[in-house]
Every structure is written in C-alpha cells, then in structure tokens.
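4 protein chains.
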Amino acid sequence: MLSKVATIIAISNYLYLRTMPGNTFGNLFSITTYGESHGPAIGVIIDGCPPGVKVDMDLLEADLQRRKPGQSKITTQRKESDSCEVLSGVFEGVTTGTPISLLIRNSDQRSKDYDHIKDTYRPSHADMTYDQKYGHRDYRGGGRSSARETAARVAAGAFAKMLLSDSGISVRAYVSAVGDLKTEKTYSELDLDQTDSNIIRCPDPIVAEKMIEKIAAIKKEGDTIGGVISGVIQGMVPGLGDPVFDKLHADLGKAMLSINAAKGFEYGSGFAGTLMKGSEHNDIIENIDGVFRTSTNHSGGIQGGISNGMDITFSVAFKPIATLIQKQKSIKADGTSTEVMGKGRHDPCVLPRAVPIVEAMASIVIADHLLRQRTLNK
Amino acid sequence: MLSKVATIIAISNYLYLRTMPGNTFGNLFSITTYGESHGPAIGVIIDGCPPGVKVDMDLLEADLQRRKPGQSKITTQRKESDSCEVLSGVFEGVTTGTPISLLIRNSDQRSKDYDHIKDTYRPSHADMTYDQKYGHRDYRGGGRSSARETAARVAAGAFAKMLLSDSGISVRAYVSAVGDLKTEKTYSELDLDQTDSNIIRCPDPIVAEKMIEKIAAIKKEGDTIGGVISGVIQGMVPGLGDPVFDKLHADLGKAMLSINAAKGFEYGSGFAGTLMKGSEHNDIIENIDGVFRTSTNHSGGIQGGISNGMDITFSVAFKPIATLIQKQKSIKADGTSTEVMGKGRHDPCVLPRAVPIVEAMASIVIADHLLRQRTLNK
Amino acid sequence: MLSKVATIIAISNYLYLRTMPGNTFGNLFSITTYGESHGPAIGVIIDGCPPGVKVDMDLLEADLQRRKPGQSKITTQRKESDSCEVLSGVFEGVTTGTPISLLIRNSDQRSKDYDHIKDTYRPSHADMTYDQKYGHRDYRGGGRSSARETAARVAAGAFAKMLLSDSGISVRAYVSAVGDLKTEKTYSELDLDQTDSNIIRCPDPIVAEKMIEKIAAIKKEGDTIGGVISGVIQGMVPGLGDPVFDKLHADLGKAMLSINAAKGFEYGSGFAGTLMKGSEHNDIIENIDGVFRTSTNHSGGIQGGISNGMDITFSVAFKPIATLIQKQKSIKADGTSTEVMGKGRHDPCVLPRAVPIVEAMASIVIADHLLRQRTLNK
Amino acid sequence: MLSKVATIIAISNYLYLRTMPGNTFGNLFSITTYGESHGPAIGVIIDGCPPGVKVDMDLLEADLQRRKPGQSKITTQRKESDSCEVLSGVFEGVTTGTPISLLIRNSDQRSKDYDHIKDTYRPSHADMTYDQKYGHRDYRGGGRSSARETAARVAAGAFAKMLLSDSGISVRAYVSAVGDLKTEKTYSELDLDQTDSNIIRCPDPIVAEKMIEKIAAIKKEGDTIGGVISGVIQGMVPGLGDPVFDKLHADLGKAMLSINAAKGFEYGSGFAGTLMKGSEHNDIIENIDGVFRTSTNHSGGIQGGISNGMDITFSVAFKPIATLIQKQKSIKADGTSTEVMGKGRHDPCVLPRAVPIVEAMASIVIADHLLRQRTLNK
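Protein chains in written order, with the working numbering: chain D, 1 to 378; chain Y, 1001 to 1378; chain L, 2001 to 2378; chain E, 3001 to 3378.
No wet-lab data here; the hints were simulated from the structure.
It is possible that some hints are incorrect.
Listing some non-contacts, in silico: residues in chain Y with all C-beta distances to chain D over 10 Å [as the list claims (entries may be wrong)]:
hint : residue
1    : A1062
2    : Q1071
3    : I1206
4    : Q1234
5    : I1302
Derived pair list, reagent style SDA-like, types lysine to any residue, alpha-carbon separation capped at 20 Å [said to hold, decoys possible]:
hint : chain 1 : residue 1 : chain 2 : residue 2
6    : L       : K2118     : L       : M2341
7    : E       : K3277     : L       : I2325
8    : E       : K3327     : L       : E2286
9    : Y       : K1118     : E       : F3091
10   : D       : K327      : Y       : K1118
11   : L       : K2185     : L       : T2296
12   : E       : K3210     : E       : L3192
13   : L       : K2214     : E       : S3279
14   : L       : K2182     : E       : M3276
15   : L       : K2327     : E       : S3279
16   : E       : K3329     : L       : R2293
17   : L       : K2210     : L       : Q2234
If the Cβ cut is set under 7 Å, some of the chain Y residues that face chain D in the computed set are [said to hold, decoys possible]:
hint : residue
18   : G1022
19   : S1165
20   : G1168
21   : P1205
22   : D1246
23   : A1250
24   : F1265
25   : E1266
26   : I1284
27   : A1317
For every residue, glycine included, the Cβ atom is placed at its ideal position computed from N, Cα and C.
So that you can see chain D by itself, here it is in the shape it has in the complex (with noise of 0.2 Å):
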C-alpha cells in the first residue's frame, strides 16, 4: 500500500513544482496581498477592520500616490495606474465589517524590458533564489517579489491608518538618512508636515536639497544608493503589544524587514543604546498632572514588548537597489558567465517611495494590536 502512496507521488511530482505561501500579514486586523506585476491585477483583501471606521478615499488615493512611481525626477519613469476600486466592505461611506477587497489593475507592463534577464541571474536580486526555491520564475518584473506587490499593503494601510485616527494615533515616517547624509534632528525638532514638501521626503530641508543632488549625480552613474527611514507613532495608547514572542516591536521589525531592500530595523535607543550604561540608559517614570510618562524615551515607546503611551521611535535600513544602469558580471541559470545592465525605468534610490510603504506596514501593526487590546476588554 505504501508504495502505492509512492508511485503516486513520483507520478505527481512531474506536475507540480511547488506552491508559495506567506502572502497573509496580521492576525485581528489582516491582509492578504494577491497580484504580480505583469498580470491583470494587484489587491488585497483585508479581514477584521471592524465596521463603522470612516473611509477616506482620498487619503488611500494619496498614499498611493505617494508610492507610485515617475513622481519626480528621482525616481524610476515608469507609470502605474494605481486607481483602487472598493469592491466589498464599505457601504455609505463607513466600513460595515465585512472583509474589504480593494483591486488595483496593471497597465504600462512593458514585459519586453524584461526580455535580456529572461535566463540571466542579477546580482543581489531575487532570480537566483526563486529558481533555487520555486525552480521556475516569472522573470517579466519579478512576480510576487516585485514591488508592485506594495502598493497593495498602501492601500491596505490607508484603512488602517482610517482606523488609527479614529483613536488618535497618527504615523509617520520620513527619509532620515541617504548614503552617508543624515538629518542630525530629532523628529521632534523637525516639522514633519514638511516631509512631502521635497522630492526626497526628508523633513529637514537642507539636507534635503543635498540629498536629491546626491542621488541625481549617483543616477548619472547609474548607480544607487541605500539610506534609512525613520518611523514615528504619536498619540500611543498605553498596553499594545504581548510580553512573549508577539512583542510590539517584534512585529514592527517583522513588519518592516519584510519590505523590499530591508536590511535592518531598530526601535528607541536601538543599536547606539547598546553602548549606553544602565543608568545612562533607563527611562525614569514620572507622574505628570496624573499621566505617566518618561522623562527620556529610551525605551522608545515600548518596555516588555508593550507600549507605554510614549511616541513609538524605529528607523529601518535600505540597501541600494540592485538594478543599475552599468554593466556586471554574473551568470545565466545554466552556469554560464554573462554580463547585465538594467535597461527598464528604475529607481537610483528606493526611499522616497518607501515612506508611504513603512507608514502603511506599521499601521496595519498597530491597527491589529489595537484590536487585540479590545479582546482584552469586556
């Protein structure tokens, strides 16, 4: 009988490859992402936004906005159509609780741009560890692992953040560093109403400008650059967040490592709080007017994995992009030496479209932990 089973296997495997799962994020307030670059559609459908939250269209649409690309002069030429269609789970304007399925159709696939990797790994892309994984892949854009796949987690995002602000909590985040250029301001010496007011979405406007000039010399080249983000969660409700594995900062770093060219993540004093004393480095609590608070923010909003009512601090870390406009050495699926230059409209530097993609992963974070925080309530 066994071998009965085996012969059926054997048989089977000569259909089938391999399926690809991981495309749900969240567990009370979830998504679940769907669509390639090249194919009809992109969306999303989300599961748990409870009913009654107040839809803003034109947040969604200007958050898609924000991610999409041939914006500005920095980043890739190419056009998306993101137009978002709402096709279940708001009616008259509010949610009604039931799942939300948002459709964001493709267009402009120039697939032909694609034609000269059809069979050529790229250094330091995904081609290479999808043929190791999946023993095929769709080389027209990327398939699943392009970043066409975020516009659907934006506009998921924009509903969570629609969610958020019902409770007063506001996120944002902002290019804090490109290269070896870095705001030296905390964000709260900065004026974060200004991160959309220059192409680079840096809200210090000075070294803004130098970053742009860097990244449109490195474009000449046809190189690219790397840089870090940095997130900020204001108006916290304390208790967000579990002690053990499901910490609130483990779910961001989760959250933020799983957006393309994400090489690190860090929360409150982060990788420098580790040079720091204990005495240096603890937040001393303090009873203001019947609220506590911390006199210093170490701690980052977060002590146990649970927020404290504290801003939320965190910075995330970019690579630069791995396509460029000059030639390298690789190889082709076969083993055979080649070289690849990048031919289609990319970008020299992935942060300014990534704002609105860390804004939108972390709501969906704290959206679904503030959720969670509500089964605790009777």
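Once you've looked at the hints, dock chains Y, L and E against the given chain D.
Structure of chains Y, L and E alone, referenced to chain D:
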C-alpha cells in the same frame, strides 16, 4: 490618555481582566511556551518536529547550562534548576512526530527579593506597561515577561538544532560587542569553537578579556551595560524563506526582537550597507565547479527573502539591563514618587547568557522554514 | 438576556461596532471570500494552490452555472451574472503557485425586493441573530449570510477539483432525498453521470421525477421543502487526515455544516451505524492483489480520522428554506408584532443548487489534506 | 545548485518520515494536547483563558472521573491515574490569563496487552491508516489516536466550563440511545440532574435500565454496540458564531466529529428536519416581555450560524467500538492473512465515558466563540 484607558479597564475588570495571547512561535515547527518564574514549572510543547530525529539530551542540557544563571562571576548568582523532562514525542531515542512536551520545574524562588517592588514601577521594566495592559501584574519576578521563560525557548531550540544538524546546518552565535568594546574580526576570521572558552562568549580572546574586565567594573558600580550578539548560520540550503511577508530575514528579525532586552536587528550589510552604492553592495554571482556562489556576501545569505546557500549573518543589539544596584527615582502604581534599587541577584550584562537564546530562536526559524520548504517538494 | 446585551452593544456602538471574522477556510489550500450580494462584486483568494495545475475554465464556468439561480423552473428566477475573472496566479493556462484571485461582479440587484423586511425579522433567518451579534444588518439580501457568497466557494472549489483531478480523485454529490422521497439505491448502484440529467440532480431517474413534482407542488403552495445531499469521493489516496482534532471527517463535517441551511452531517454508516453491533460494523481488511481493501465500507473510507483508500461517503441534511411566499407572524426589530411574506424570487428547495457547493467544499477539504500530507513527504 | 537541493532531499528522506500536526483546537480559547497512552504523561496547554476565572478543581477532577476507565461494570476495567497537576496560569485560586498547563501522568501501562497486534491491522481501527499515513505506528495502545488523549480534552474542557459558568452558560450531555433503545423524551421532559445517577448516563431511568442490560449482554458476547449522545447548552447569550465558515454549529460539528468513534452530527431538527416543510419548520419569533424568543426551536438555538439565545441542542452518533473479544479475520502489515482478537480490557460501549468528552468539546467551542464575540465589543 492613561486615565481614559484606566477607566475602560476599571469597568471591564468587573467581570474579567484580560488574557495574554502570543505564546506560540513558528508555523510548521511551532513552539508554545508556558509558565511563570515563580510558579511550579515552565515548559514548552513543540508541535511539528518530524519523526526520526535523533535526540541528543546532552546538547539540550548543555544549552540550558549556557543560559543558566549563576554560571560565572559576571552573571547573576541566582540558582535555577534547569533540568528538563521529556514528557512525550520521543521514543527509543528518536522523535516520533507527535508533540514533544518539555517540562522544567522551578526552584529557588526567592519571591521576597521582589517584595520591595510590589507596588513600584521599576524604570525601563515591564512593570508599568503590564499594569497598563492587564490591570494587574505578577510582581514576583515579572510573570511571563521574566527571562526565565527563555529557558523553554532554549530547550525547544535544542530540538531545532538536532533537526538542522541532520541537514548539515549549524547555527552559532557569539558576543561581538560589549558597550564600545567590539571585535574587529569577521566571523570567518574567528574560531567560533572558542566562543565558550571564556565567560563572556566572545571568540576573540583579547577582546573577550577586556569585555570581562569592563563588565566586572560596571558590576562593581551596580550598573549594567549593553552590547551586540552576532549570529552565523552555516551549511544553509538555498530556497528557504518566502518572497512576500514571511521573508527569511523578517522571521529571523521577529525572532530576535522577541528576546528580552533586544533593541535592533540587522542582517548581511545591515545599517552599514545604507552607506554603500549599488555597484559596491551587489554580490556578484559565480559558478564555482557547478555551485553558484556570490563573491561577496553583503546579502547575508538572503536575497529577496530567500536563502541563496551562502552563510546567513546577522546581529542583534541588546540594551543594558534595567535593574541596577543603584537608587533610581520612580513612581508607585498610585502615582506617588519613590526610589527603587534592585536587591535581587541580577546580571550586569545580558549578553553571555543570551547567546544560546539567540541560537535557539534562529534555529527554530530555520527549522520552520526548512519544513515549509518541504511542503514545496512532492 | 437580550436587553443586557443590547445595552453593552449600545455603549460600544459609540466608537465602533464589531468586525466579522471567519472568512477563511483551509490551512495549506486556503480560501478567503469577500463580498455582499448587493455590493459591486464578490470574490475569493485561493492561497496555497500549487503551481503547474492545468486550469480548466470550462469546469469552473460549468460549476458556477450549476449553482446559478434561474436555471430551472424549480429554482429562483433571480438572475445573477456569475462570470468569473481570474486576476492573478494563472499564467499560460496553468497555476503559478501565487495567490489566485477570482472576481465575480454582481448585477440584477433588486434591492427593493427587500424593502419590506428592512425592519422585520424573518422567521428562521439570520435577521435577528445578525442584529444580536452586530447591532446592525444589511437587509438587502442578507449581506455575508446571503447564499450569493457560495458562488465564490464554487469558483474556488473548481480549482480544488483541478488539483484533485491530477491525483485521480473525483468528488461528486447528488440529491438523495427530498422530504420523504429518497432513492433506495447506493451510489454504486446509481450512474452518477446522470446526476445533471434532471433539474433536481438526483441520478435515480424515477425518484427524480417524483421529487420534481413534489417541489413544483410545494412551490405552488408558496412553501419549501428540505432534503439530503450525498457525496462520494473516489480515487482516494490513503493517509489523508490527522489523528486528533483535524480528522478528515471532522474537517469534511465542518465544511458541510458551513453551507447555508445545513442541519446535519454523517459519513460512512452514520447515524444508522449506531444501531449495529461491532461484529456487524467492522470492515474486514483484505489483501486483493497487493492492494489493501475492506470488504465492507461502514467506515466511509476513513478510519481513525485518516483515509484508507476506499471511497469516502457522506450525507448532508438541509432544512427547508425559510423564505415562504406565505404570510407568517413575526416581530419587528423594535419588538412589535408584524406579518412577513417573501416577495423576492426565492427557491422552493435549496438542494439542486447546493449540489455544486457540496462538491466544492468537499474538494477544498481533500485538496487541503492532500497538501498537508505532502508536507509529510521529503 | 538545484541538483544540490535534490540531493539533500534524497539524503534526508533516509532519515525522516513525517510529522503529525493538528494538535491544536480553538482560536482565542485554544487547547494543544500532547502525549501518548504509553509514554510518561499526557497533557494540554490552554492558551487564551481570560484571567480572573475562579478555578474549581473539584469540577475538573469530577469530569476526569466520569471519563475514567474502570468506573463501572460496563466500562473497561483498565485503571488510569487521571490525577491532574496545574503547572502554570493559576494563582491564588484564579486564572491569571497566562497559558494554563495541565499534566496527567500515565500509569498501569500494560503494553504487553498489545503485543499480539504489533504487526496486525485490527479491523476498523487506525492501525492500517496510520501505517498508510506515517509509515510507522506506535502499536502500544494507538499512540495519539488512543482515546487516552481525550483525558486532556476533558481537563481543558473543565476550564471552559468554569469560564462559561461565569456567564451563566451550562453545557450538558447525556446518552439518548444505545443501539435501537432510545429515550423518547426531549431534554426538557428529562431531569438532566439524573444523568449521572446511573452508569450509562441516560437521565430516563427506565430506558437507562434497559440500556445497561443490553450492554451487559453484548459484553458477554465479546461484542460492542453504538449509540447517540445528545447535548444541550442552556443560558446561551445571543450573537455567538460567525456568518460564513465559522458558523457556530459548524465549529460544534467539527468538535464532535473529532471525538473518537463519532460518525455523525446534527443540531436542532437535524436529519428529521429534512422531512418538514418550511411552514412547519420555521421558528416563529415572539416578544415575551422584552425578550425575543422563538415559539419552537427547530433551529436548535442557531440561525445563520449565530446563536439566538435559545437552548442549543445537538446529537452525536457513535459507532460500536472496533475492538471485540471475538476472533475476526484480518491481515498483517505484510499482507498475509491472520486472525485478531482483543485481549485488553476494552469497553463494550463508548457512550457513558464519552459524555464528559462531548461536554468538554462543546464547552471549548462556546468558550472560544464567547471570547471571539468579546473582540466585537469595545
């Protein structure tokens, strides 16, 4: 803000307080921990470990020993019985594929060491956030937020190591920095077999000596210090990890950030990679006698969320421990001012005992993704 | 009791109402449905379908056609456009292993058919329980509790059928009883290819004729009638199902009981098996030319929760549809007495249209366990 | 590179067989059981039980006692120590909201009772399907498919009962039929307090007497008999259950069908309801002094998957136990013919000991949905 939440909590306390979820980690190789530091026992159920894994109880006991308090002059002198009983899932020296239940009895519970902080919020501890979340806390050692819980992780991680060992995968961690003292050598320049040859667990003997001296000095002040633990996963198979939310480094990041006192995570080039240009950062792929390798490894063994077969490298930032043998200002639960000073037998530096925890959590992530990858085979 | 709940709801309405979870079914082959009967669209994401499955859109359209209203004189005359668009996960006629998103636009939404029941609780409908659960309801056709949702299940089930087809597994259902009229033949005495040859979908032509007459008569009275659908899964591989909670028949049972109007589930000998002695009920195992079979099949193809390779047999009880074209006493949401009478185009009997739904849900369960079993292979 | 993966897979096949998942049940009130009948212990972790539940160890012990073998002349004479130790999650007599770990040591493991079936497949047992699934089996009492596992469910169910008790909900089960002997009385005509007054646990004393005689006679023949257990949930709150896949009766059905030897499940009118017309079956809603009730209860307390506050009624069909003290034909694992006869101390009828298991699983389902409903409140 706090008072509004407090009101809601006060109302809902009437019937119940709240539950604590988030005690499970992993999908196919999943662990669920239980137990408080001052209850009868702690433990873990491993569900999903395949049958046929040879059980190495010496490895398990050795790792528990490495995590154990009281092991050296630079760790707490508190004693814990970390003897571990296997209640199920192992038969005739191998795993059976059924849930593996591991039990560690508690002992030496000097609860009265904690009496002085019964009503007091220690700075940068989970005391206040616990009250904010649950409306109550177990002041006897921190309840579920106690580092005692990590013994269960280490025990479960030993089974993950046994599973990985059969696939030729090894997971190793070491202390790479204590405060501003750090080894300048990369892991390949170090002899990782020397990690346990000194009490700080840094395989660079000269730096290790300085680290131990520094910690001893800081301990004398009643103070504490942070640092960095680096991890290396060798013998990796390519293809592990998913392309969207469950990227291999995103799951590793969450695992590391869920360890007590962790403040940051980076892999491969990490935060330093943000300073590089794409032409410097890209890892060129080579075909070396039929094996596809990269000439550099800024990717840290992971591209597009999927392992490429190169060594996986990552670092975890740990803050200085919050409990000081110094007087600090703080407040009581009722908001009145007070002073607090640790009386227990606390660690001046979390790092040496955290090394096996880092290894355990990393092993569980890789074991989980190894099994997930097997679902792709037929 | 109700008033107490109502008070709690009233208080909590102030900020939000409540969310509706439970829109996902399946573990490795998982479906998430969305959409209301009177919104823009319904649809489903299938996550976990392996790549390489040949997509048979004719099968999908045929099954949607079988579930569609208005298909015969004994079903509702309501029209639905069940044309299904594949948005992702299929490329060049085969699945790619990425999430498959299926979209079905709504049309012919005669919302005003429901105006008369806006404030009225229809007997044995979900109207009152929706209000009790959510504090509100979408009276236009039942919202998520509408049978319209099952079109998404049928579409997803078609992909499960395609997957099973490659393993030689077929899932078939038929009407075995309408009220007290039932076929006395077992499935092996019937020609299941004849199921769709009549509008009631009973493969026993003589009984089918009587069933159709009975339903026509009951329809004339404005009344409705229940019945039983039987299912048969042939070409089964042994070894599917788990020994504890996720027994194969437990998951089949949940799937069937999740279909609108289902009241009971049995497999193998079912309730009749309770009348037997062990010596009569036990299925003797035989070795027939190297294949291990049982001489009888009271086990219904499942022993200890795990398939044994024999045909799986089960039955599902369906109650008479609650909407009558008769006046019935009821109450309004405010508690005042009223009368209610269906005005829409309703079915006198759910059975013929439920046959493809039973097949779809059974196919999804078997596909899920087929993939789960593959995780056991290396 | 791909071929390297293939080689690793081929090598590792040698070492591993497959894992056994599916050891967790429930979403917010979730239980994970572990342990084999002939290992050191069995047990369960309850995760998600809210804090503040008063722990009634007498209730827990009493329910274990009701499930225990050897309790009467019509059950197996095998002895089990079902003494249960609470390892975590309970402090000062109430639950703390942390995971509750319950441990039951095994004893009286007469493994040699099973030696005669080491290589033999017992008819209608899980022996053959285990081999088909896992390629191996623990012949000493059935491994995880042993009914011993249900002791852990009963222990966990006791905590669910304590939780429900605080909301005024009671879950009760009783034997309603043994073979063709059944009580004709409905639960409201019976005194459910009398259920435990006789050893068959049927609250109809005259029928109970006949049932006991029948089982005694069948036991004398070395044979076994099936029957039906009915369940009643009283004091229900309306609003529990979800409208799509997680209908309250669908989750109850899965819970019941996951109990060893279960063959069918029905609720409310069940299979008998298929014989009714809608005008007979519909439950007319009445407003009785501000409480909305139905005049009949064919719905079994659940409409559209959601509880309506009426009593929930359901029945579970159990087959006759497969182990006979009679010779039966069978085959060995190698396919050769043999005869098999039970030698152990087996039950002639599963029903009396299954009553507390039915109550436990039903309690866990209701507790889970009670917590899920709380997530909807703010």
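* Cut-off 7 Å, beta-carbon criterion: hint that A1250 (chain Y) touches chain D -> holds, 4 Å
* **When the least beta-carbon distance from S1165 (chain Y) to chain D is tested against 7 Å, hint result** => violated, 22 Å
* Under the criterion that the straight-line Cα-Cα distance not exceed 20 Å, is the pair K2182 (chain L), M3276 (chain E) satisfied? -> Holds, at about 14 Å.
* Keeping to a limit of 20 Å between CA atoms, is the pair of K3327 (chain E) and E2286 (chain L) held or broken? -> holds, 15 Å
* Asked: Does the CB of I1284 (chain Y) sit less than 7 Å away from some CB of chain D?
  -> holds, 5 Å
* **Interface restraint verdict for A1317 (chain Y) against chain D (beta-carbon cut-off 7 Å)** => With Cβ-Cβ at 5 Å, under 7 Å, it holds.
* Asked: Are K2185 (chain L) and T2296 (chain L) close enough, with their CA atoms no more than 20 Å apart?
  -> holds, 16 Å
* Verdict on I1206 (chain Y) as a residue remote from chain D, using beta-carbon distances over 10 Å -> holds, 20 Å
* To do: Verify the proposed pairing of K3210 (chain E) with L3192 (chain E), using a straight-line Cα cut of 20 Å.
  => Holds: K3210 (chain E) and L3192 (chain E) sit about 18 Å apart, inside 20 Å.
* Between K2214 (chain L) and S3279 (chain E), does the CA-CA distance stay at or below 20 Å? -> Distance of about 15 Å is within 20 Å: holds.
* With a cut-off of 20 Å on the C-alpha distance, tell me whether K3277 (chain E) and I2325 (chain L) pass. => holds, 13 Å
* Asked: Is the shortest C-beta separation between D1246 (chain Y) and chain D less than 7 Å?
  -> holds, 3 Å
In summary, the numbered hints that this structure violates are 5, 10, 17, 19, 20, 21.
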